[in-house]
Amino acid sequence: MTFRVLTAQFMHETNTFARLGTDLAAFERLVLARGGDEITSRLENTNTEIAGYMDAALDHGWELVFTVAAMANPLGRVTDDAFEHVVGLITEGLEQSQPVDGIALALHGAMVSDTHEDAEGEVVRRLREITHVPICCTLDLHANVAPAFAGRVDVLCSYLTYPHIDMRARARRAGDLLQRAMTGDIAPRVFFSRRSMLQGADGGRTDVEPMIALQAKARRFMAGDGRVLDISINAGFSQADIHDVGPSVTVTADGDDPRFQEMADDLMADIWEARDVVNNHYLGVAEAADIARRFNHTGKPLVIADYADNPGAGAYGDATNLLKAMLDAGLDEACFGALHDPAAAAALVTAGAGARTTLPLGGKTDPSFGGPPLDLAGEVIQTSDGVMVLDGPMFAGMTKSFGPTAVFRTGGIDVLVVSNLMQIIDLQQFLAHGIDPRTKKTVALKSMQHFRATYEPMAERVIVCDSGALATPDLSRFTYRRVRRPLYPLDP
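Counting from 0, one number per residue, gives the positions in the sequence shown under numbering that gives the first Met the number 0.
Note that these hints are calculated values from the structure, not bench results. Take the hints with a grain of salt, since some may be wrong.
In silico DSSO-like pairs for lysine-lysine, Cα to Cα no more than 30 angstroms straight-line [stated by the list, open to error]: (1) Lys363 <-> Lys299; (2) Lys323 <-> Lys399; (3) Lys323 <-> Lys216.
Cβ pair distances, simulated, as ranges [stated by the list, open to error]: (4) Glu261 <-> Leu430: 48 to 56 angstroms; (5) Asp256 <-> Pro456: 37 to 45 angstroms; (6) Met457 <-> Phe477: 33 to 41 angstroms; (7) Gly353 <-> Arg437: 40 to 48 angstroms; (8) Glu286 <-> Met457: 18 to 26 angstroms; (9) Arg481 <-> Glu94: 40 to 48 angstroms; (10) Asp256 <-> Arg483: 23 to 31 angstroms; (11) Arg483 <-> Val207: 49 to 57 angstroms; (12) Glu94 <-> Pro491: 35 to 43 angstroms; (13) Arg437 <-> Pro359: 28 to 36 angstroms; (14) Arg355 <-> Glu459: 51 to 59 angstroms; (15) Met457 <-> Val277: 44 to 52 angstroms; (16) Arg219 <-> Val277: 48 to 56 angstroms.
We put the beta carbon where it would ideally sit given N, CA and C, even for glycine.
Can you build the whole structure from these sequences, using the hints too?
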């Protein structure tokens, strides 16, 4: 029997403290593909969930019904117009494609729209108004899972890695379980557990404790009972001021044994016990720059990660505090990026390679988070359209674009100035624009953790700093009004 499976991708990680919203144009700048031809041309044979569902379809003989693949860079709330447009493509596709035997979704789990705090839950609620066929869903490891959402899907498979390098594999796993549900081999349901926590599991880093032990226990649970089909440990996303924020555990299991809930609760208890574990040591920008100044370069660079200005957590990507500290320290043979400043990028591209100019750089969105614009003199080294094909562990094969881009050399630092917001996760983001980080003494980049997949192996040392930007780990900078209370660590 050939099953017809509708598939859709709608992903956004929403920082509700960001003053800039996420409109439809933001999705168009990253990925907004409609229908099978567009989706396959963009995502086939890439390390993405859609590619994983395509793998499952090929192996199981499904007829895939493509609707939309939509992804935007993390920022503020998704506008109602954007949300309704994308959800409309999914629901209309379902209504026009009936009957289908199953639905395979790729969602983030931390999307917030102007109207819906649990945006993913609203997507699934609308699908359930149309059909009750089995639904499998992948989530980012940083999902803020709401109980209502977990109760409306049959299979949940979150990423198991951070840096995220298993998107395709996790969708393939979800697809395999969907196949078994459609044949009647299993009757899966999702068991859910959480505590009164805003953050935990050290942000979900899977290269250190406590996630190593948590995932090992989850594997033991699965190995000990074949009815336990999948376990997801979600670290949550603390830059969301919503009721259903925070870490959670989901157990997808065949049947309704109380032990499945006990497993979820057991793992959640471990997250609570390890709630104070933080492996990063957050340096101030002056301290980070001083370490770079004194760094004994023997061939491999020092990598400085600006944790707080990570566009992957909804920061603006235009913080200047670290760049100023590096200039004040007199660093040379250094690179810095990607600095999101469309106005500066346009001016530098217009000036052209070889031009010398002085201009205000960065700090334009909200100087209170990350520093004001810097009036800098320098030389335009290279300009481009910003297009690159990634080849690193996260999104190998995907074409992405910074938009109009320039390399601006000021002092001894090559600054990658871009028009489209994006965190640094891949060497090609520098290499495609004439900067080879492997030859630099200091590489300063805007990323929390994803950079490690590519940059840690090539670095002599990695340090992490807090520039005071919008993704700062200092929660005292934010006023939470909508979270449930009491909530660790906001309340005693």
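Okay, Met457 versus Phe477 on CB: inside 33 to 41 angstroms?
34 angstroms, holds
Is the straight-line distance between the alpha-carbon of Lys363 and that of Lys299 30 angstroms or less?
33 angstroms, violated
40 to 48 angstroms was suggested as the range; check whether the CB atoms of Arg481 and Glu94 agree with it.
Since the Cβ atoms of Arg481 and Glu94 sit about 33 angstroms apart, the hinted range of 40 to 48 angstroms is violated.
Please test the hint of 28 to 36 angstroms on the beta carbon pair from Arg437 and Pro359.
31 angstroms, holds
CA of Lys323 to CA of Lys399, is that 30 angstroms or under?
At roughly 28 angstroms apart (the allowed maximum being 30 angstroms), Lys399 and Lys323 satisfy the hint.
Could one say that the CB atoms of Gly353 and Arg437 fall in the range 40 to 48 angstroms?
25 angstroms, violated
Does the Cβ-Cβ separation between Arg483 and Val207 fall within 49 to 57 angstroms?
28 angstroms, violated
Against the range 48 to 56 angstroms, how does the distance between the Cβ atoms of Arg219 and Val277 compare: consistent or not?
26 angstroms, violated
A range of 44 to 52 angstroms was offered for this pair. Does it hold for the Cβ distance of Met457 and Val277?
Because 25 angstroms falls outside the window, the suggested range is violated.
Is the gap between the beta carbons of Asp256 and Pro456 within 37 to 45 angstroms?
43 angstroms, holds
Outcome of range test on Cβ distance (Glu261, Leu430; 48 to 56 angstroms):
50 angstroms, holds
So if I understand the rule, the pair passes when the alpha-carbon distance is 30 angstroms or less; does Lys323 with Lys216 pass?
45 angstroms, violated
Going down the numbered hints, you'll see the structure goes against 1, 3, 7, 9, 11, 12, 14, 15, 16, while the others check out.
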